[in-house]
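Asks: Chains as they are written, first to last, in this note's numbering: chain A, 28 to 443; chain B, 28 to 443.
Keep in mind the hints are simulated off the structure, nothing from the lab.
Accuracy of the hints is not assured; some may be wrong.
Here are the simulated EDC-like pairs of lysine to aspartate or glutamate, each with C-alpha atoms no more than 16 Å apart in a straight line [as the list claims (entries may be wrong)]:
1) B:259 x A:224
2) B:259 x A:277
3) A:259 x B:284
4) B:259 x A:281
5) A:29 x A:71
6) B:63 x B:83
7) A:259 x B:277
8) B:259 x A:284
9) B:192 x B:83
10) A:262 x A:296
11) B:259 x A:283
12) B:247 x B:344
13) A:29 x A:74
14) A:259 x B:281
15) A:421 x A:224
16) A:259 x B:224
17) B:262 x B:342
18) A:372 x A:424
19) B:347 x B:326
20) A:63 x A:193
21) A:259 x B:283
Some residues of chain B that are not near chain A, with every Cβ distance over 12 Å (derived) [unchecked claim]:
22) 35
23) 61
24) 169
25) 170
26) 186
27) 334
28) 344
For each residue, glycine too, the CB sits at the ideal point set by N, CA and C.
Take a look at the letters that make up each chain.
There are 2 protein chains.
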Amino acid sequence: MKQFPNNLAEAIEWLSSFGAVSEGGVTRTLYSKPWKEAQQALREWMELLGLKTKFDSLGNLFGRLPTADPEDPTILVGSHVDTVISGGKYDGAYGIVAAILALSHLKKEYGQPILNLEVVSLCEEEGSRFPIACSGSGLVTGTYSFADMIGVRDSNGMGFETAMKEAGFGLEADNYTVRNDIHAFVELHIEQGPSLEKLAKSIGIVQTIIGQKRFRITVKGEPNHAGTTLMKWRKDALSGGVLMIHELYELAKEYDENLVTTVGQLFVEPNVSNVIPGQIVFTVDARHPVESVLSSFCERFTSRFLAIAASAGLEIEIEKWHEVLPVQMDPSLNERIETICVKEKVSYHVMNSGAGHDAQLFAQVCPTTLIFVPSQGGISHSPLEYTSPADLEKGLEVLIQLLHQLAYPQQKGGAL
Amino acid sequence: MKQFPNNLAEAIEWLSSFGAVSEGGVTRTLYSKPWKEAQQALREWMELLGLKTKFDSLGNLFGRLPTADPEDPTILVGSHVDTVISGGKYDGAYGIVAAILALSHLKKEYGQPILNLEVVSLCEEEGSRFPIACSGSGLVTGTYSFADMIGVRDSNGMGFETAMKEAGFGLEADNYTVRNDIHAFVELHIEQGPSLEKLAKSIGIVQTIIGQKRFRITVKGEPNHAGTTLMKWRKDALSGGVLMIHELYELAKEYDENLVTTVGQLFVEPNVSNVIPGQIVFTVDARHPVESVLSSFCERFTSRFLAIAASAGLEIEIEKWHEVLPVQMDPSLNERIETICVKEKVSYHVMNSGAGHDAQLFAQVCPTTLIFVPSQGGISHSPLEYTSPADLEKGLEVLIQLLHQLAYPQQKGGAL
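This is chain A alone, in the form it adopts within the complex (with noise of 0.2 Å):
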């Protein structure tokens, strides 16, 4: 007989298990076999719990806590399945296994709720596989279609379209219907970042997830030779685009600390050490949770670039090929966690995510929050992810209390 794990940190190691590689690692890309594996086995579980389960044609999976009449709102909760190449256990999963729990504990405490409780194990957020992040979440509130996804293809060339039938998906996508009963979207996360633990705090209630914006710079000189060509006759990218860089995190220190900027990619052509760079391609990625602090920043970087490259002789192109603006998390469900941490005298932080979030997709069409545990060394994405058991269990006794109040409102709290 199969085994199912029968607390937080047994679900933890359980659902890691699907996927698992070296050091702790996970590696669950959309539709590859581990993934499968992971949402068939998240299924029975939630069956076991007495869940009424089902997959939408992507392969979202729902498990349902169903109330008397099917009309009813439901208050959806939950978080992304897959993940990025050797990432961590905690990323997404935790959010997953968290509010199974959390269902399966209102269910034996309070028995059958007022409103539809419903933990959702979504399909893609990170864009890992095929380049389309969030695509899970988006296609639950309409923001994607699969017309949107019909066509991008995997690093190996694979079509998403070709993935998904493989994986027994995708069969009644014509008549997909998008989600109009939620009355309240929670998700429970891992910080990504070290906030919470450098103010030694349990609990992050998300305000706002910054927006952002990322651009990719091109900057045209002169390959020359290194020994022959003198200083006063370069046209030399490189020289150029460091003093970019150096301006754009010297600029980043007259703004309030929520403004983060990054140079991630740099590539330099031909990249010879006796040759002169002709020419260097370089991102920026800019964020801050008001859009007009973010565009302000990024109008004055892009002028100072214009400015340095026409002094230098440089030709430069400047292309925004991303763009996120910010998203409210609801005041209401904030202020509701903000008097359970109080109550319970759970430290906390009311915060920004830097990071991107399935919320930020269900906030366009509902009341959404995003509760966030510490990250230790504010480390993601990597094998050396890790929460403490007891961070984690705070993370679950705070949104078990927040569901009550929600999908019991006669015995607590209210309605929304």
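We have chain A already, so just place chain B on it with the hints.
Replies: For chain B alone, kept in the frame of chain A given last:
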């Protein structure tokens, strides 16, 4: 019957047909099929013109216009037959065909010389197949021995010795005798830089082949999430690195125009747009004709790099992996060239060479000089490499007169 060239312009085109690639480019790497065919064809052409030819064990080709007494000293003149991948028609090749035409002319005009006159087509200068630049001149001068080459592999993993033997060389490697009869070495070469063109001069008389030092700098920080890690908590290897590179270029401005420095190669890890760079590796190439000046520059930039790393909490490793001391060309030979230019009303410029050449190796063992002709746009190591026929002819004319003075001393000018 085979066709051989009748003049300089034809000779350049003819030699470039061995290993021709698109747009006028040439790929003729050591021991490749076009390389073997080129050396064989050069041998046949030399024989046709009355030179006594032989290969040494490595594949250097010599063509001798001998005196009456085999014990007489030799004036050696030539350059290298190998090219970089997709190089130009002139680099190396010009110095060989001009030397052959010069000896042919002197033989016709003046008959048997007083000192032996000998062309050399050096088999390897670029190091573009096996990473041992100047191995041809290095062996002739005794700077290198076969032991330095055995064990070296090309980028396909083929060993030097295997390639050499497959090309039909290396048979008498054990009995290789370093030449001790070379009285002077003369190399005629394209400038591979823009100085002569910018100054509108036809001939460059090289005083010094400048020294160079190359470093590999590794900067280590901490890779982290670009969205969740506040600026104040980062250890961004690239942020530190761009400041280092910027200050390197600022420091160079404090020196005279003969100081050139280049960061040609830069690798970022993990090189992903939303991950703070955890490590970067970059090269620094620094050159100057005066060793003490170059050393002082390198000491100053390394100490700045260490200070920047320390203040940013980054680890740094600085490794010097290549060093060439400055080499002086022979003042007496250069005086003769200057006098010839003045007499012939050929414009000239006394200058340094920022690039390395076979002449560097010969300068260790005999009076040596290096004569430049202009490179259009300063472009070299490219199919776009170009020198006008008029400039090529002026270089040949100067070479003929110099060799005449050196090898027919009783007729004109006197011995070295």
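Asks: Take the hints in turn and mark each one as holding or not.
Replies: Right, here's what the structure says about each hint:
{"no.": "1", "hint": "B:259 x A:224", "verdict": "15 Å, holds"}
{"no.": "2", "hint": "B:259 x A:277", "verdict": "12 Å, holds"}
{"no.": "3", "hint": "A:259 x B:284", "verdict": "8 Å, holds"}
{"no.": "4", "hint": "B:259 x A:281", "verdict": "13 Å, holds"}
{"no.": "5", "hint": "A:29 x A:71", "verdict": "10 Å, holds"}
{"no.": "6", "hint": "B:63 x B:83", "verdict": "14 Å, holds"}
{"no.": "7", "hint": "A:259 x B:277", "verdict": "12 Å, holds"}
{"no.": "8", "hint": "B:259 x A:284", "verdict": "8 Å, holds"}
{"no.": "9", "hint": "B:192 x B:83", "verdict": "13 Å, holds"}
{"no.": "10", "hint": "A:262 x A:296", "verdict": "13 Å, holds"}
{"no.": "11", "hint": "B:259 x A:283", "verdict": "11 Å, holds"}
{"no.": "12", "hint": "B:247 x B:344", "verdict": "9 Å, holds"}
{"no.": "13", "hint": "A:29 x A:74", "verdict": "13 Å, holds"}
{"no.": "14", "hint": "A:259 x B:281", "verdict": "13 Å, holds"}
{"no.": "15", "hint": "A:421 x A:224", "verdict": "14 Å, holds"}
{"no.": "16", "hint": "A:259 x B:224", "verdict": "15 Å, holds"}
{"no.": "17", "hint": "B:262 x B:342", "verdict": "10 Å, holds"}
{"no.": "18", "hint": "A:372 x A:424", "verdict": "12 Å, holds"}
{"no.": "19", "hint": "B:347 x B:326", "verdict": "12 Å, holds"}
{"no.": "20", "hint": "A:63 x A:193", "verdict": "11 Å, holds"}
{"no.": "21", "hint": "A:259 x B:283", "verdict": "11 Å, holds"}
{"no.": "22", "hint": "35", "verdict": "23 Å, holds"}
{"no.": "23", "hint": "61", "verdict": "23 Å, holds"}
{"no.": "24", "hint": "169", "verdict": "25 Å, holds"}
{"no.": "25", "hint": "170", "verdict": "20 Å, holds"}
{"no.": "26", "hint": "186", "verdict": "24 Å, holds"}
{"no.": "27", "hint": "334", "verdict": "16 Å, holds"}
{"no.": "28", "hint": "344", "verdict": "16 Å, holds"}
In this structure, every one of the numbered hints holds.
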